[in-house]
Amino acid sequence: MKETKIFEKPKSMVDVTTHYCPGCTHGVAHRLVAEIIDELGIQEKTVAVAPVGCAVFLYNYINVDAYEAAHGRAPAVASACKRLLPDHIVFSYQGDGDLASIGMAEIVHAANRGEHITVVFLNNAIYGMTGGQMAPTTLVGQKATTCPLGRDPKLAGYPIRMCEMLSTLQAPAYIARVSVAKPKYTLKAKEALRKAFQTQIDGKGFSFVEILSTCPTNWGLRPVDATNWLEEHMMPEFPLGEFKTPA
Amino acid sequence: MGKRFLMKGNEALAEAAIHAGCKYFFGYPITPQNEIPEYMSKKLPEIGGVYLQAESEVAAINMIFGAAGTGKRVMTSSSSPGVSLMSEGISYIAGAELPCVLMNIMRGGPGLGGILPSQSDYFQATRGGGHGDYRLLVLAPSTVQEAVDLTMLAFDLAEKYRSPVMILADGFMGQMMEAVEFNETHMDGLPDPAEWAVGYMKQRGSRALVKSLYLDPEELEAHNWKLQAKYAEMTKNEKRHESYLADDAEILIAAYGTVARIARTAINELRAEGVKVGLFRPISLFPFPYEPLEALPKSVKQILTVEMSCGQMIEDIRLGVGKDMPVSMYGRVGGMTPSVEEIKDQVRKALGR
Ligand SMILES: Cc1ncc(C[n+]2csc(CCOP(=O)(O)OP(=O)(O)O)c2C)c(N)n1
Ligand code: SF4
Ligand SMILES: [Mg+2]
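Chains A and B are the protein sequences, given in the same order.
Sequential numbering from 1 applies to the first sequence in my numbering.
Sequential numbering from 1 applies to the second sequence in my numbering.
List of simulated lysine-lysine pairs, PhoX-like, C-alpha gap at most 20 Å:
id, chain 1, residue 1, chain 2, residue 2
1, A, Lys11, A, Lys190
2, B, Lys202, A, Lys11
3, B, Lys211, A, Lys45
4, A, Lys45, B, Lys202
Okay, the calculated bits of chain A under chain B, using three or more residues with CB under 8 Å as the criterion:
id, region
5, 37 to 48
6, 70 to 83
Just the calculated beta-carbon pair ranges, DEER-fashion:
id, chain 1, residue 1, chain 2, residue 2, range
7, B, Cys310, A, Pro239, 53 to 59 Å
8, B, Asp133, A, Ser167, 40 to 46 Å
9, B, Ser206, A, Asp152, 48 to 54 Å
10, B, Lys42, A, Asp152, 49 to 55 Å
11, A, Pro223, B, Cys310, 56 to 62 Å
12, B, Gly189, A, His19, 38 to 44 Å
Derived from the structure by calculation, the hints contain no laboratory data.
Positions of the beta carbon are idealized from the N, C-alpha and C atoms, including for glycine.
When you get a sec, could you build the whole thing from the sequences and use the hints?
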């Protein structure tokens with residue numbers, strides 16, 4: 001019988017065990033990015049900018065030129081890199097604390113300048129790396145170590161919807177929200193990532209993909225329950241879809 | 001002699017950077033250094049470079065991190081409050097061993113302070129500012145011509161040591177107009193960015209990593225020792241100073257930057273009166289030129305440090321001369337400048353005349 005290969009590690013992915021917790025979807029998002037890099041044939045001219053957060057070791061898993069940026073500053077690092085290396089494909093990969101809290105100014109201004117970079121924004125509604133503190137994306141009522149009774153909007157406001165916010169700007173070319181919680185969403189996530197990177201390759205401007213993601217460890221849920229919780233609670237708050245597409 | 005141009009200090013600094021091959025500038029407006037970004041915003045696009053106004057100094061220094069990681073010559077400039085905001089990024093740049101040139105055209109602090117010249121960021125420049133065991137190579141020009149020459153040197157040194165280099169000047173020098181010439185210099189044997197920078201993966205056959213993170217304590221310790229070895233090398237090779245009429249002096253004025261210039265006039269006038277006074281002027285503030293202070297001429301009986309601060313460089317002077325040599329201090333701050341007359345009075349007072 002002839003053998004057909006149905007599963008293969010992406011070429012640009014390093015063959016090591018990740019440091020992610022069981023059931024964490026950071027790994028899935030990494031893999032999708034690596035698959036897109038392979039499929040577009042851009043490994044040798046791609047530059048990754050890793051955040052401070054659980055994805056800080058992104059560069060250990062995706063084998064491309066890479067920076068490890070200061071907390072929140074990845075869009076500034078990526079903007080400058082792309083301006084100096086316009087023939088390269090530059091992307092940042094950032095968590096919700098990194099991008100929507102400490103790095104809010106950098107992401108808004110990179111988007112507003114229409115920088116020709118791609119931003120992969122992993123929203124897990126929590127500060128994963130530091131042990132489960134409240135994030136700007138934490139849902140109302142969701143418990144975190146710094147809001148043990150659940151997020152109270154009177155004290156801490158409401159979850160920030162980055163895609164909607166950035167879509168008010170004129171410059172960004174592609175903005176989409178996807179998820180990797182279940183296979184049916186993951187396929188769409190990959191398509192959005194492909195469009196985002198293609199937007200950059202085509203010189204059409206700033207592209208942004210928000211990926212709703214799980215943090216079973218800090219949500220205090222088992223991996224499968226976490227994917228269900230994401231569907232039930234995060235998706236109504238952060239609706240999936242494309243918010244902006246290039247002309 | 002080359003062609004001479006009458007230029008404002010800030011513009012001369014910017015032009016010198018361009019002569020040094022810097023085509024990339026990232027910054028945020030702040031008085032009294034605005035002529036630098038303004039000049040760059042006009043000139044860099046003309047030569048195929050990039051001028052980008054960042055949304056803040058925080059963003060600007062992280063843009064420098066991204067730009068310097070490509071191994072090209074890049075710079076930013078700011079003034080005191082802006083440099084405070086940049087300090088985190090400077091620490092990352094030092095940790096990741098990226099070459100770049102930073103300019104601080106100092107103004108009075110603390111806090112928002114004022115917009116007039118000051119030298120009160122000496123500690124920040126030479127003792128850190130950001131976190132961690134890192135050092136900046138700090139050069140302090142005293143004339144616009146020297147600012148031009150040191151800026152060109154700064155780009156070479158940044159590459160030689162893969163380290164951020166700071167030009168520490170004050171608002172006076174930024175605003176002063178002087179005739180300058182641009183004598184380009186080229187240091188031999190500088191490292192090839194293709195060996196370490198991003199953007200060469202295809203050529204090199206392996207990727208580059210620009211980072212300051214070492215979670216394994218043994219690795220981080222080794223990284224720190226590597227940085228320290230580099231700082232030791234700088235200390236061996238890059239100390240610069242000027243002595244003026246020091247050989248027979250009874251009293252030495254220690255001053256840097258604009259103040260050294262004022263002190264020089266005071267010294268000339270005092271010498272005409274027969275007062276044996278000289279000048280010690282550090283040009284590199286890190287590494288600090290301690291040796292001339294350790295081996296002062298026998299005639300020198302005391303030191304008068306003059307600064308536009310409440311007394312910062314004086315700590316290095318004391319480290320250099322040891323505890324047996326009397327060191328006194330005269331400072332004006334907040335944008336006030338010591339005058340020639342004030343310095344002369346201080347010298348006479350110190351000598352008991
Ligand atoms: C300037 C600074 N402040 C705080 C921290 C600590 N810190 C590290 S990761 C992190 C939060 C990361 O959360 P997020 O961006 O949501 O990433 P996740 O781990 O959830 O993927 C914080 C606050 C830091 N490294 N630097
Ligand atoms: S803490 Fe959360 S985000 Fe971080 S690796 Fe674990 S599950 Fe993933
Ligand atoms: Mg998070």
